[in-house]
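Novice: The lines below spell out each chain.
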Amino acid sequence: MSDQKDLQRPPAEVRFADELARLRADDTAHRPPGWALSLEAARRFIVGDESRDVSRKFVGDPSLVDRCLVTLATSRGLLLVGEPGTAKSLLSELIAAAVSGESTLTVQGGAATTEDQVKYSWNYALLVAEGPTPRSLVPAPMLRGMAEGKVVRFEEITRCPLEVQDCMLSLLSERVVAIPELTGPDGMVFARDGFNVIATANTRDRGVNEMSAALKRRFNFETVFPIADFATELDLVEREAGRLLERSGVGAPPRRDVLEVLVRTFRDLRGGVSSTDRLSTVMSTAEAVSVAHAVGLRGWYLRGEAGSAADVVECLAGTAAKDSPEDLARLRRYLEQQVPRRTGAQWRELHLARHLLPG
Amino acid sequence: MGATFLGVRHHSPACARLVRDTILDQRPAHVLVEGPADVNDRLGELLLGHELPIALYTYHRGDGGAHASWTPFCDYSPEWVALTAGREVGARVRFIDLPAWHPAFADRDNRYADAEIRYAEAVERLCREFAVDNVDTLWDHLFEAAPEDGLAERLTAYFDLLRGDSAASPDDRAREEYMARWVRAALARDDGPVLVVTGGFHTPALRALVADGVRGWTRPADQAGGGRATTGTTDRDRTAGGGEPAGSEPSAGRAHSGEVGGSADGWPEVPRSTGGASYLVPYSHRRLDAFTGYESGMPSPEYYHWLWHRGVGAAADELVRSVVTRLRGRKVVVSTADLIAARTLADGLARLRGHDRPARVDVLDGLTGALVSEDLDRPPPWARRGPLEPGTHPAIVEMVAALSGDRVGRLHADTPAPPLVAAVQAELLAAGLDGAGLVGLDLADPVDLDRSRLLHRLRVLGVPGFARETGPRGGGDPEPRERWLLRPDDHRVPALIEAAAHGATASDAAGAKLAARLPGADVAELSAVLFDAALCGVGAERVLALLADEVGRVGDLVALGRVLADVLSLWRHDRLLGTAGSPALGAVVDAAVTRLLWLAEGVHGGPAPAEPGRLRAIVAVRDAVRHAGPVVTTGVPEAVAVLSRVSADRRVPPDLRGAAFGFGWSLGCPVDAAGAVRGMAAPATMGDWLAGLFALARDEVLTAGGVVGVLDEVVDALTEDEFLVALPALRQAFAFFPPAEREAIARMLLELRGVTGSARALLRTPVDPVLVAEAGAVEAAVDRVLAREGLA
Numbered sequence: 001m002s003d004q005k006d007l008q009r010p011p012a013e014v015r016f017a018d019e020l021a022r023l024r025a026d027d028t029a030h031r032p033p034g035w036a037l038s039l040e041a042a043r044r045f046i047v048g049d050e051s052r053d054v055s056r057k058f059v060g061d062p063s064l065v066d067r068c069l070v071t072l073a074t075s076r077g078l079l080l081v082g083e084p085g086t087a088k089s090l091l092s093e094l095i096a097a098a099v100s101g102e103s104t105l106t107v108q109g110g111a112a113t114t115e116d117q118v119k120y121s122w123n124y125a126l127l128v129a130e131g132p133t134p135r136s137l138v139p140a141p142m143l144r145g146m147a148e149g150k151v152v153r154f155e156e157i158t159r160c161p162l163e164v165q166d167c168m169l170s171l172l173s174e175r176v177v178a179i180p181e182l183t184g185p186d187g188m189v190f191a192r193d194g195f196n197v198i199a200t201a202n203t204r205d206r207g208v209n210e211m212s213a214a215l216k217r218r219f220n221f222e223t224v225f226p227i228a229d230f231a232t233e234l235d236l237v238e239r240e241a242g243r244l245l246e247r248s249g250v251g252a253p254p255r256r257d258v259l260e261v262l263v264r265t266f267r268d269l270r271g272g273v274s275s276t277d278r279l280s281t282v283m284s285t286a287e288a289v290s291v292a293h294a295v296g297l298r299g300w301y302l303r304g305e306a307g308s309a310a311d312v313v314e315c316l317a318g319t320a321a322k323d324s325p326e327d328l329a330r331l332r333r334y335l336e337q338q339v340p341r342r343t344g345a346q347w348r349e350l351h352l353a354r355h356l357l358p359g
Numbered sequence: 001m002g003a004t005f006l007g008v009r010h011h012s013p014a015c016a017r018l019v020r021d022t023i024l025d026q027r028p029a030h031v032l033v034e035g036p037a038d039v040n041d042r043l044g045e046l047l048l049g050h051e052l053p054i055a056l057y058t059y060h061r062g063d064g065g066a067h068a069s070w071t072p073f074c075d076y077s078p079e080w081v082a083l084t085a086g087r088e089v090g091a092r093v094r095f096i097d098l099p100a101w102h103p104a105f106a107d108r109d110n111r112y113a114d115a116e117i118r119y120a121e122a123v124e125r126l127c128r129e130f131a132v133d134n135v136d137t138l139w140d141h142l143f144e145a146a147p148e149d150g151l152a153e154r155l156t157a158y159f160d161l162l163r164g165d166s167a168a169s170p171d172d173r174a175r176e177e178y179m180a181r182w183v184r185a186a187l188a189r190d191d192g193p194v195l196v197v198t199g200g201f202h203t204p205a206l207r208a209l210v211a212d213g214v215r216g217w218t219r220p221a222d223q224a225g226g227g228r229a230t231t232g233t234t235d236r237d238r239t240a241g242g243g244e245p246a247g248s249e250p251s252a253g254r255a256h257s258g259e260v261g262g263s264a265d266g267w268p269e270v271p272r273s274t275g276g277a278s279y280l281v282p283y284s285h286r287r288l289d290a291f292t293g294y295e296s297g298m299p300s301p302e303y304y305h306w307l308w309h310r311g312v313g314a315a316a317d318e319l320v321r322s323v324v325t326r327l328r329g330r331k332v333v334v335s336t337a338d339l340i341a342a343r344t345l346a347d348g349l350a351r352l353r354g355h356d357r358p359a360r361v362d363v364l365d366g367l368t369g370a371l372v373s374e375d376l377d378r379p380p381p382w383a384r385r386g387p388l389e390p391g392t393h394p395a396i397v398e399m400v401a402a403l404s405g406d407r408v409g410r411l412h413a414d415t416p417a418p419p420l421v422a423a424v425q426a427e428l429l430a431a432g433l434d435g436a437g438l439v440g441l442d443l444a445d446p447v448d449l450d451r452s453r454l455l456h457r458l459r460v461l462g463v464p465g466f467a468r469e470t471g472p473r474g475g476g477d478p479e480p481r482e483r484w485l486l487r488p489d490d491h492r493v494p495a496l497i498e499a500a501a502h503g504a505t506a507s508d509a510a511g512a513k514l515a516a517r518l519p520g521a522d523v524a525e526l527s528a529v530l531f532d533a534a535l536c537g538v539g540a541e542r543v544l545a546l547l548a549d550e551v552g553r554v555g556d557l558v559a560l561g562r563v564l565a566d567v568l569s570l571w572r573h574d575r576l577l578g579t580a581g582s583p584a585l586g587a588v589v590d591a592a593v594t595r596l597l598w599l600a601e602g603v604h605g606g607p608a609p610a611e612p613g614r615l616r617a618i619v620a621v622r623d624a625v626r627h628a629g630p631v632v633t634t635g636v637p638e639a640v641a642v643l644s645r646v647s648a649d650r651r652v653p654p655d656l657r658g659a660a661f662g663f664g665w666s667l668g669c670p671v672d673a674a675g676a677v678r679g680m681a682a683p684a685t686m687g688d689w690l691a692g693l694f695a696l697a698r699d700e701v702l703t704a705g706g707v708v709g710v711l712d713e714v715v716d717a718l719t720e721d722e723f724l725v726a727l728p729a730l731r732q733a734f735a736f737f738p739p740a741e742r743e744a745i746a747r748m749l750l751e752l753r754g755v756t757g758s759a760r761a762l763l764r765t766p767v768d769p770v771l772v773a774e775a776g777a778v779e780a781a782v783d784r785v786l787a788r789e790g791l792a
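Chains A and B supply the protein sequences, listed in that same order. Heads up: the first sequence begins at 1 in my numbering, then just goes up one per residue. Heads up: the second sequence begins at 1 in my numbering, then just goes up one per residue.
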């Protein structure tokens, strides 16, 4: 941990270490047992507080943050659901950093996730040499979170096999993990105050429908929605895309009018205008940022300028329509029929570039 | 003696409480309330002892058409409390705002909407500052769920901040100047404390206006003017009256001194309406909650009703009880564990958000967290502030229903009847429809058309005793006669009083009623509403504007095609009902074309029997782009481009591909028809493809000629079995041609083959087709036997 400078993406508690320190120092409100911050301070850390120079890190509804924090203070786990790219993981990282001061106790769910990766496994060399002892035990994030009283993040929980999901059941209700190989007090790891679970699940790959009712009951569901406000989303895309472009060595910041076209198009295709069907591809803000990034790269490295609306069309074809011909058709129809209704040079440019769509 | 200004939010229990306490404490001589000044002489009517909610319904017919608006009151309206508490302490209570029909209200339906919403920037800043989702949550946080200490100061600070230096609209300024004149008049009388209760957004401006104007304003000067007043005041009159009273200036003096509220002179004159009236109507919490956008005010009337009567804690309990009862009534399991979880969450949220007891959104958030174990499709309406959207989670639908409640107001028996009752009776009398029995009407006759419209309006309003026995059934129906059966019914008058809430005349009421049927309606219902609107000759513009919106969401190609065909024929031909060329119909045509093109491109699926509804939809699109060009924004080239893609797409069912092909051809685009026929010549798909083609481009097929020849070749080349496979669909396809055209095709075939003979005879075989088929079967059997024996 000596040098954090060259890390590509340090965890939230490192990135915002000074803000956390200041909030902790000023925090006079009551803290739930095991929490690093009070609920008020944790909320301030996430939604921001200009008067204390705390940046706004999550631009969604503030009430969502309230509900998440209160849920974590109760005996139920928190399950963040939503479309991909709605900043669920960011939110869970921020909450974990605020509540426990540590956001790295993370299980990444997937088809190959096993119970070992959730609870514990063994160091086999030691296991053979010494037999099952606390020394040969390799605790996984859940076990560590329980023993240390920290918040554990479980990303993409619904992508795990059902039996792995269900190993969370006793853990969440009994708040204890039994290690039958160990004897004595070591054989039971009880959860300390401060332990809870933030799981995330996205509604696209495999929804929460397959989750067992028993497990559902142990979580409070919070749906994270795409950003409601156009200006907020535009600002966010501009900021993030600008940062990415800078890091990619692009000298021209993205054009505001092009970004406007891009963000508006994303919002429309997400299901905004009445006569357009939603694309089946995810039209998230994150995706908009990556398209804006690609647009900027094209403009800069192909022509030495900021990207244009025509670049938007080319990039949309690759990212938004991905491999679905239906989506491509929808996109084409959108460019043909909805775009001419809008006024402005950038929209005209977009309309004129519609033939750049493949097929 | 100065005036006390109380800025309130309309329908806010906290403000109502403040108003009541202030009145009881100050015992003012004058209570001036934001409300229509023209009903001051009828305040007694308001206090007859109604069951709230009720509303003052104001209706005005001006040059720009009819306009109706409501001034709703419920138990906890600060204005209502000012009225009743003011009367209790013996104050003179007056409404001081411009009448609802004044031009300053031209685009308002709800007098007590939140004015500050229109100036959103300050609200947004505050929401950000307090980290809440929207203005309603902010309001609960700062006022309804907050301790009462310092409420008045907080309100003042809040509204001062909101108003800031934002420029109010000319309408708002006109109203404020007018209200300021009342305050000055009351102050000038100098007979006791003056309390002014107005929307908080207006209060800072009002206070400034009164402070500025009070020096230059003296009662004797005004009296000396005798209503014509000094120049300064006349200028204000003009601003405030928006030109309305200027024309009647000489008589305005008399109105000024004699008529206003029966009080002595000195009060500002009240602009008198030329064609408007205000009546009390029963109102409901649901309607109070149904205003949206700039018309919206405090949401969740039932919740605030509980809050007003029983306090924050009890309101929260009541909300939970109501939601749970509703959900259990719908057989949704709500366990005790869920309730405990909901309560824990709500309490936790209340504590985090700094509320002594859970406020509205705390409870709702708690319930949602405990009861919804799924991802939500849409944010709950209290997070994003707006009406329920389709696809909202059922539990949330019930929560919103519980917040709105079912409470309905009732008027005291002595309340003057709403105007609709008398209006309808007069209209029936004038039209000679007040009797009983059968009435025959000829819609081509203007007098009968008016009578028909009246009857249709009453039918739409659900007034019993008017039943139509025969008449036109849809947009394309050319039937010009109607027959009605009239039966006197005891329930007519009550039904009319109910319907009065929709409007003051049969026409307005029917229009509003039709508009109310639109939200959530499917296309069949939409089409019915549209046709009803045409029959009633009412509000078609408004209905259609909504319809144009709804059409954009329809997912059923066939149903939407039917709607477009109906709308298009109403737009093109209907001089009978007077809808031809209507721009609003044009907008629906436009929206439907856009949507249909969209839907057409999404139809995929293998070979399937031709679906006539689908083909009719494409025909309707073609007719629309061909005949309604000026109103359809999708140009012919764009439409043709879409459908040529459809026609080339192998995943599209053959009938639609044929129709899409015929689409371009019938619009005059150069096509290779013969090549296309050859390309679709597989026996299983040929007939269906042709059905599509013939549905669209019958004429082109006949005149271009080439297709018939190619078809002849293709059919000729079919084997016996293939022909049998293709036959049913082919028959269906050729059914698109009327007999005369079929004969023309037969003639072409004869010519092609160089045969002379009667074309008609080809179409009408004198022999039973079953006999022919049997003969064919025998022949085939013989052929097989011959072949087997090597004799063929």
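In case anyone wonders, no lab produced these hints; they're calculated from the structure. On a predicted model such as this, the values are computed, not experimentally measured, just so you know. One should not assume that every hint holds.
To be verified - Distance windows between CB atoms, simulated: (1) Ala167/B <-> Asp257/A: 22 to 30 Å; (2) Asp26/A <-> Ala106/B: 25 to 33 Å; (3) Ala641/B <-> Arg348/A: 12 to 20 Å.
As the list claims (entries may be wrong) - Derived lysine to aspartate or glutamate pairs resembling DMTMM-like cross-links, with alpha carbons at most 25 Å apart: (4) Lys216/A <-> Glu181/A; (5) Lys216/A <-> Glu374/B; (6) Lys216/A <-> Asp338/B; (7) Lys331/B <-> Asp406/B; (8) Lys331/B <-> Glu374/B; (9) Lys331/B <-> Asp377/B; (10) Lys216/A <-> Asp166/A; (11) Lys216/A <-> Asp347/B; (12) Lys216/A <-> Glu115/A; (13) Lys331/B <-> Asp317/B; (14) Lys216/A <-> Asp406/B; (15) Lys331/B <-> Asp53/A; (16) Lys216/A <-> Asp193/A.
Said to hold, decoys possible - Computed, partial: chain B to chain A, Cβ under 10 Å: (17) Arg321; (18) Asp338; (19) Asp377; (20) Pro381.
Glycine residues also receive a C-beta, built at the ideal position from the N, C-alpha and C atoms.
Novice: List, from low to high, the hint numbers that the structure doesn't satisfy.
Specialist: Hints 2, 4, 14, 15, 17 and 20 contradicted; others consistent.
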